[in-house]
Structures are given as structure tokens and as C-alpha cells.
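Once you have looked at the hints, place chains B, C and D on chain A.
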Amino acid sequence: MRIVVQAEPFDFGAEANAFASGHTDMGAIVTFTGVVRDLPGDPLDRMVIEHYPGMTEKALESIAAEARERWSLGDVLVIHRHGEMRPGDMIMMVATAAPHRVDAFAAAEFLMDYLKSRAPFWKQEFTADGAEWVASKDEDEDALKRW
Amino acid sequence: MRIVVQAEPFDFGAEANAFASGHTDMGAIVTFTGVVRDLPGDPLDRMVIEHYPGMTEKALESIAAEARERWSLGDVLVIHRHGEMRPGDMIMMVATAAPHRVDAFAAAEFLMDYLKSRAPFWKQEFTADGAEWVASKDEDEDALKRW
Amino acid sequence: MALNVLYFAWVRERIGEPREKVETQAATVMELIEELRAREERYAMAFSDLSALRVAVDQELTEFDAALDGAREVAFFPPMTGG
Amino acid sequence: MALNVLYFAWVRERIGEPREKVETQAATVMELIEELRAREERYAMAFSDLSALRVAVDQELTEFDAALDGAREVAFFPPMTGG
Numbered sequence: 001m002r003i004v005v006q007a008e009p010f011d012f013g014a015e016a017n018a019f020a021s022g023h024t025d026m027g028a029i030v031t032f033t034g035v036v037r038d039l040p041g042d043p044l045d046r047m048v049i050e051h052y053p054g055m056t057e058k059a060l061e062s063i064a065a066e067a068r069e070r071w072s073l074g075d076v077l078v079i080h081r082h083g084e085m086r087p088g089d090m091i092m093m094v095a096t097a098a099p100h101r102v103d104a105f106a107a108a109e110f111l112m113d114y115l116k117s118r119a120p121f122w123k124q125e126f127t128a129d130g131a132e133w134v135a136s137k138d139e140d141e142d143a144l145k146r147w
Numbered sequence: 001m002r003i004v005v006q007a008e009p010f011d012f013g014a015e016a017n018a019f020a021s022g023h024t025d026m027g028a029i030v031t032f033t034g035v036v037r038d039l040p041g042d043p044l045d046r047m048v049i050e051h052y053p054g055m056t057e058k059a060l061e062s063i064a065a066e067a068r069e070r071w072s073l074g075d076v077l078v079i080h081r082h083g084e085m086r087p088g089d090m091i092m093m094v095a096t097a098a099p100h101r102v103d104a105f106a107a108a109e110f111l112m113d114y115l116k117s118r119a120p121f122w123k124q125e126f127t128a129d130g131a132e133w134v135a136s137k138d139e140d141e142d143a144l145k146r147w
Numbered sequence: 001m002a003l004n005v006l007y008f009a010w011v012r013e014r015i016g017e018p019r020e021k022v023e024t025q026a027a028t029v030m031e032l033i034e035e036l037r038a039r040e041e042r043y044a045m046a047f048s049d050l051s052a053l054r055v056a057v058d059q060e061l062t063e064f065d066a067a068l069d070g071a072r073e074v075a076f077f078p079p080m081t082g083g
Numbered sequence: 001m002a003l004n005v006l007y008f009a010w011v012r013e014r015i016g017e018p019r020e021k022v023e024t025q026a027a028t029v030m031e032l033i034e035e036l037r038a039r040e041e042r043y044a045m046a047f048s049d050l051s052a053l054r055v056a057v058d059q060e061l062t063e064f065d066a067a068l069d070g071a072r073e074v075a076f077f078p079p080m081t082g083g
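Listed in order, the protein sequences are those of chains A, B, C and D.
Number 41 in our numbering belongs to position 41 of the first sequence; there are no gaps in the numbering.
Number 13 in our numbering belongs to position 13 of the second sequence; there are no gaps in the numbering.
Number 16 in our numbering belongs to position 16 of the third sequence; there are no gaps in the numbering.
Number 49 in our numbering belongs to position 49 of the fourth sequence; there are no gaps in the numbering.
Simulated from the structure, these hints should not be mistaken for lab results.
A portion of the hints provided could be inaccurate.
To be verified - Derived CB-CB ranges, DEER-like:
1) A:A131 with B:L144: 44 to 52 Å
2) B:K137 with D:S48: 54 to 62 Å
3) A:D142 with C:A44: 56 to 64 Å
Don't be surprised by glycine CBs; every beta carbon is placed ideally from N, CA and C.
If we strip away everything but chain A, and leave its shape as in the complex, we get (with noise of 0.2 Å):
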């Protein structure tokens, strides 16, 4: 398991590698990636992503241990940045790596339900209009709910 919180990028593509490389045992690889979007018609100039040092790594910590309580898993892999981002950047990353792809699909849903609302980041967007902090969504509130 390996959590990383940081203000780099990180690359997607050689993290991915090295993590489903490691595993002759796990037949089922699942990554997700979120990417800053460009907003359609209010042109995203950047986002910069606050976070709560400390308690944001245990918060990863404890859903990843959770996931691994849940589901038949061989390993866990999360990278979030914080700080400046611009449209195209990817902001974060989570790798599951299972025996089966059931388990790997349903680990990985489930990560990206908790890191969503669960995990102390907020993001603020910065268009020609000026700032505003990303509001919660209800729908990502609900999404807690099937787990």
C-alpha cells in the first residue's frame, strides 16, 4: 500500500506501470485518474487545491485499509496532489490491484467515493471571473451510501 500526497505531478503512465508490474499473483489492474477539466463557456485559468497536512494522509490511510478489509485486494496505490493546477493536469490517481476484477473495479468505486468527501482537500477554481472555492455535491454525498 502506498499513499503520497504531494504538490508535484506525478506520472500517470510510469506509476501505473510500476504498479501493475509488481504482481504475478493479481490478474486485475484498475487505475482512475482525475483530470482538471476546462470548463465549458467560463475558461479555467487554474485550480489550486488546499489540503489539511497530516490529516489528510491518515484520512487516505483509513479508506485504503478499509478497502482492503472489504475486498480481496493485493494492493492499494493513491497519489493526490494539492497546490496549482492548470486545465489537462491530473490531479490524482488510484491503482487497485485484485485477484479478480470484481473486486479490483469495486475497491477502486469505492476509494474514489470516500477520497471525494471523506478526505480533507478543497479545490478552488480561478476563471476571468475570479475565485471560487468547488461546492460538494449532493450526488457525491449519496455515493457514500451503496458502500
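Leaving out everything else, chains B, C and D in the frame of chain A:
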């Protein structure tokens, strides 16, 4: 949309990076990678995948097209190898890009479920005991019912 | 009509070849199977349990009662195991 | 007791600083909020709608009625938007 059927290995990381980098309007990228597993107790020497040239490409294209009809997707990638592979080798990958994670996840799972039992590939495993065709699993057929 | 008949995986192994040209008047896949079964023991063996077989006509998965009019290629194989 | 009180995102902006030491006898998070609200307008503003706020005590998410005995760090922030 890109569908590749080939005997040669592919570079998962490079493919994943190229796929994820092309889309500043897609916030969510999901990949699934299938890896040849080493069987505990009965070490696998190699796996050979037979396929039906012509029909394979058609089946994969039609599965990918159906995914694009069902979900809001920006792009789909499917790479599937045939021929001889060793434990730890990557057999195939799918990748989906969508504005939102729910669509990217659902489409990737749908692609995998259909690809497992509707694309004309047949796996044969070679161990010290000889060669054996991998039997299809009832659970793979059942997995199609949820879509 | 002349059909290209293809076999894959263990069906190919039982029949002993990956493809052959078959001259037939069969109207459906099932009639084609009956003709093949009647030919030789290896065909009878390969087609003994249809629940273990799948069929594609012109590279589209279909059922055993599918019509063959206009078909050029019929393929028999076990359930697929991709992914 | 002396608590480290942290603010994030727009809560930090409204309060005007990211952290401060608070000397308090508050037994619960809610009592601490009442004390802060009574201090200055900017606190009253930041804590005006608790449904828009979340709280963590010693870096664990918790509820507003959570006890503070033994706590060293309390953080207030809006709902999280990671991923």
C-alpha cells in the same frame, strides 16, 4: 475510439498516459488491465490465446460502440493480445474517458463484462501437467445480466 | 452453396483442422451440424454437446436455429474466455 | 486548555487566518463554536450556517456535539471536494 488486436506486448503505462493526456474536457479516466496470473500449486508455464481474426475486431468495436451509446464518454481504448504469454504479462487493457467518474467506471466494467464472454478469444494454459483450455465461468455469463 | 466453416479452440482440435470448405444445402446452422455429424466420428464427437458450443454466422454470434441463406462463413467454438 | 484551532478553504478566508491558539474551557465542539461566535463578527459570519461546515478533532472527522477533553487540535472547514 481505438481498438487494437495484436500478438505483441503493449506498454500499459505509455498507452495509459497517451490516452489520459488527450482530453482536457474529460475529468475521469478509468483503466482496467488483465494480467496472466501464476496459479498457486500448479505453476503456469505459459498461456496461449487463440482468437478469430476479423470477428474479434468487429466484436470489440461493437462492444465499444454500445458503451458509447449507454454512457457519456469522451473516448474508449481496447487493446487485446493473442498468442503466447507468460505469468505477469499483460493480456489486455481497456480505458475509458468521461466527464464524470460514474460513467467512466460503469463503461469500463461493461466493456470488461462483454469482452470476457462475447469477444472471440480462447485461453489455453500450459503447466507441467499439460495443456488445458480455460473453461468459461458461470459468473462471467451472469455478469452480463446487470447491463 | 459453398460455406467456409471455421473451428476454434478444442473444437478445432477435435475436428483436426482450423477451416474447411463445405458444399451444403443446409437451410439452418442446425441442419449443417446434422450433416457434419453424419460425416465422421470426429465431427460427431465435436458436436456431441451443443450446450458447450457457440456459433457465429458471418462473424456475428447467433443461435443454432439461425438461417444460412446468403451466409459465407460459419464458425464453431466453445464459450469465449477473453479479458 | 490551549487548543490549536485550524481553518481551511472559505472558513480560513472568513476568519482571516489559517490557525490560532485558543484558550478555552469548552467541553464540546459546539461550546467552542459558541465562544468563537461571541468574539467577533468574522467568527459569527464563518460559523453562521453549521450545515455548511465540517469539523475534525485531532485530525478525525467528527460531529459538533463531540467532546473536547484531551483534544489538542480542532479544525473547521467546508465539505471536502477531493478527487
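Hints, verified against the model:
no.	hint	result
1	A:A131 with B:L144: 44 to 52 Å	holds (47 Å)
2	B:K137 with D:S48: 54 to 62 Å	holds (57 Å)
3	A:D142 with C:A44: 56 to 64 Å	holds (58 Å)
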